[in-house]
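Residue numbers (my numbering), protein chains in the order written: chain A, 29 to 323; chain B, 1465 to 1805.
A portion of the hints provided could be inaccurate.
[To be verified] Where chain B lies over chain A, by a calculated footprint (3+ residues, C-beta under 8 Å):
| hint | region |
| --- | --- |
| 1 | 67-74 |
| 2 | 118-126 |
| 3 | 137-149 |
[What the hints assert, rightly or not] So the derived label-pair ranges between C-beta atoms look like this:
| hint | chain 1 | residue 1 | chain 2 | residue 2 | range |
| --- | --- | --- | --- | --- | --- |
| 4 | B | SER1535 | A | GLY283 | 48 to 58 Å |
| 5 | B | SER1535 | A | LEU249 | 37 to 47 Å |
| 6 | A | GLY169 | B | THR1609 | 33 to 43 Å |
| 7 | B | THR1742 | A | ARG76 | 58 to 68 Å |
| 8 | B | THR1742 | A | PRO66 | 36 to 46 Å |
| 9 | A | PRO66 | B | ASP1799 | 42 to 52 Å |
| 10 | A | ASP127 | B | ARG1729 | 34 to 44 Å |
| 11 | B | ASP1683 | A | ARG76 | 33 to 43 Å |
| 12 | B | SER1535 | A | GLU130 | 40 to 50 Å |
| 13 | A | ARG273 | B | THR1609 | 57 to 67 Å |
Rather than coming from a laboratory, the hints here were simulated on the basis of the structure.
All C-beta atoms, glycine included, are put in the ideal place defined by N, C-alpha and C.
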Amino acid sequence: MITSRLLDLPLLRRSDALRTFSIAAWLGWQIESNWADPLLFAVYAIARPVASVLILVVMYSVITEGATQEPIFAYIYLGNALYILVSQVITGTSWAVIDDREHYRTMKQLHTSPMDGYAYLMGRGVARLIIGTISVLIVVGVGLIAFDLPLYPLTINWGLFLLSTVLGILSLAAIGIMLGGATMMMARHFWSVGEAVAGSLYLFTGAIFPLDVLPAWIRPLGFVFPVTYWLELARRALLGDNVPRFETLAAFSNGQLLGILVLFTIGLLGLSILFYRWALHQAKERGMIDLETNY
Amino acid sequence: MRDDAAIVVQDVNRIYKVRGPKRRSDPQEVTALADVNLDVKRGELFGLLGPNGAGKTTLIKILATLLLPSSGTALVDGFDVVKEQKAIRRRISMVSGGETSGYGLLTVEENLWMFARLYGLDNKTAKERIDSMLKLMGLADRRRTKIADLSTGLRQKMNFIRGFISDPSVVFLDEPTLGLDVGAARDVRAFVEEWMDDRPDRTMVLTTHYMAEADELCDRIAIIDRGRIIACDTPENLKRSLKEETVFHLKVAPLGKRPEANEHRIEAVHGVRRVSTTEVNGHTEVTLILETEEALAGVIGHLEARGSNLLSLEKQEPSLEDVFVRMVGRSLSVDTSQRDE
Ligand SMILES: Nc1ncnc2c1ncn2[C@@H]1O[C@H](COP(=O)(O)OP(=O)(O)O)[C@@H](O)[C@H]1O
Ligand SMILES: [Mg+2]
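Chain B extracted, bound-state conformation:
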């Protein structure tokens, strides 16, 4: 077992074969991961940040031994995800956000107990952990409630607890706050931080498409888009890479359709590096990454020429969202999943 590396991913590719509705047609190939290389150090809280369809879940599933890579190798705690799955499964756990599954006819306590037992915990330890985690997550009064009678939010919480019962050395959290209300999401983030603080030798990989969550929690972040890792660094360094450039957030009257010709787009204005636009009820939000502040005048002139006008303007410290826009020229909220195409 390597001492410093909890996860090593080398040249991993993953291709899904998808069959269309017509049985006879050849399967289409979807490349979910392309030449992914990563190292996660022991003790790190590592983030995978990318839009929907980027390949985050695919990578996590490979590391959690649910899916085989099409090529390449990956080690978790020093064990190979293809050849040493059992050894990996003793050390990991995985929780997916939005996961409301479970044996509905078992109580919260029974469900957790069952999984604790599958991990080989003895009764006493299992009971103690279940007790303390139920208290911590505010579920103690529901311990004898059948899962089927829990709200989806509480079921999600219970599943979250399940992921920590075995005190895993590597935890995979796939969009852990997906679908949770603000308060519950805060509980989850607080728990994650505390758990990692208390256990310096534990490792966590967390995927998210909420940049604020990645920024707040993660020691390091890999930005992933269309199956490729396009940057990997600490949140500070990622944001610092934008320091020489200037980031503005504009609200403007609706811009309408993106012009066909390149020279009519905002990108064509002198001094503009990157632009992303999002339609929000009744107006358009524009993220501008400029070489210098001086370029702003040109953009405002351009907007007026297109019959729009400025509603508000903010100069901001660059966020991870801006880093993403700078790198791929698209907002994080754009769904790049190929499923529906």
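Excised from the complex, chain A in its bound form:
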């Protein structure tokens, strides 16, 4: 096993967090890629995301009477493509708690071992991140071929794109881990709490329409989530001069937005670490760590 050798690096042996992260990522991949039927995988990772973007394209075309050459089309299309990562990363990390507790019933075994619980959830999110990334690439590919998206490798600001995307993903993982922590303290759970949060962020973070469209009193919601800044930066990086500038964020330079994104991501990560610790403590106080909902 090559993977088993990779996971045996001395660094990983010394650091609980890195070791746990890598093992959890391995485990997550075993679970997520365990598609007995490759067709199912194709539907899940390819057909579903492409279909949902196509629905949007149809709606857009009906409203604008086919103006897919307008800069706003690329803006919306890419926002939606990247948004696939939002629900994948949030559900990937938060779902692991429900999965281990209700399905595999391994909470007891995991939480009596010297693993790092926070790093574990991060790691469990990796598999869905990979699948999400594949979906994004395919959706963007479809956009290039079918709708002539104005993406030109030489003019894309790759550094800005990658950096902001990494930050965006980290902040999504932090949100997912907080949801996971909250799940640990609840006897009941909402099976789709990750999806629900991802769904509501969709409206407030400029994925589909710019924040300007929202009533002024709701806009602050969008400003709170790092996702907003990531989506804006990623689209600026990808589209360069072609990006439409909407009033709410137009006044900010790339550097300013990046600064905000860095600060917010660090803040959210810190908050999620504290919250996770608190939630774990609560769960142990209430005797809920290994609880099964049908108790």
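With chain A's structure known, arrange chain B with the ligands on it following the hints.
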């Protein structure tokens, strides 16, 4: 780290708050542990013996850092179960009997390997231990079988192995033979004994409600009932405490309902210290603890007066079960869990 004490439990209480189906009603409190004090020495195989609902699992969970005590302190290997959980988790493992969980899509080998890695074992050591333990437990030919395809008995065995892969310095076994067939249970007990014999500095805490298992395996036993430790000693000493008394096991024709009035019960017969009765298909089994043998005649007279009669009678060396009956006036097999009340 203390040299001699592997586990120290001081004044530990644990209260569960249980909410009824009605959301608004105040939570009910269930006292699972009350003022528990214990010391387990390094190298000891220590037993927690008590009926269902006594609080055994609760105590083990607290020591294994899965549950916080409501009050009191507990140390494992010198580390505090509230403040130094990580240090404890490096040194312990826990296996629950009847535990058939695991990642069904991983093979036996992968599952064990994963947990070995979580404990920080390097690949080589992990592989060696997995190999030897699979052989020892008769699972070697299933190493590449997915967990989902194992029978529950084999899954339980695999989980048992998982508990020993990291060579823990303190092992918690919660009813390790629960639900196993006779042969598998024997394998588990043999393994436990051998493992402890080979490693004089390792400590094990085992809970059970099978008194024979506790008697056979444990160096010392704490008898626990309704959250309280009511006795703690070696099996020999516990049984010796009954030496001045006489223990009889009777089989009698069905006794029917326990009489309402105290003076009509067997306990009222002169010279009877304790009685426990259990209905077994078609007859009643009675454990009698008498001050002297002479009291037996009175009991037989009493039974006849109640329309029952003696089917068989045995005078026995006291067992731990008898010790329990003597102390709480109830058989070990009575479920005292408050869950369903
Ligand atoms: N999570 C829980 N919530 C509420 N009550 C519980 C919980 N776990 C155990 N109890 C109660 O605590 C008592 C002790 O249970 P337990 O420690 O499981 O006993 P044992 O392991 O000796 O059978 C029982 O009355 C049981 O109903
Ligand atoms: Mg129990």
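Verification of the supplied hints:
no.: 1; hint: 67-74; result: violated (count 0)
no.: 2; hint: 118-126; result: violated (count 0)
no.: 3; hint: 137-149; result: holds (count 7)
no.: 4; hint: B/SER1535 to A/GLY283: 48 to 58 Å; result: holds, 54 Å
no.: 5; hint: B/SER1535 to A/LEU249: 37 to 47 Å; result: holds, 43 Å
no.: 6; hint: A/GLY169 to B/THR1609: 33 to 43 Å; result: holds, 40 Å
no.: 7; hint: B/THR1742 to A/ARG76: 58 to 68 Å; result: holds, 60 Å
no.: 8; hint: B/THR1742 to A/PRO66: 36 to 46 Å; result: violated, 59 Å
no.: 9; hint: A/PRO66 to B/ASP1799: 42 to 52 Å; result: holds, 50 Å
no.: 10; hint: A/ASP127 to B/ARG1729: 34 to 44 Å; result: violated, 54 Å
no.: 11; hint: B/ASP1683 to A/ARG76: 33 to 43 Å; result: violated, 60 Å
no.: 12; hint: B/SER1535 to A/GLU130: 40 to 50 Å; result: violated, 31 Å
no.: 13; hint: A/ARG273 to B/THR1609: 57 to 67 Å; result: holds, 60 Å
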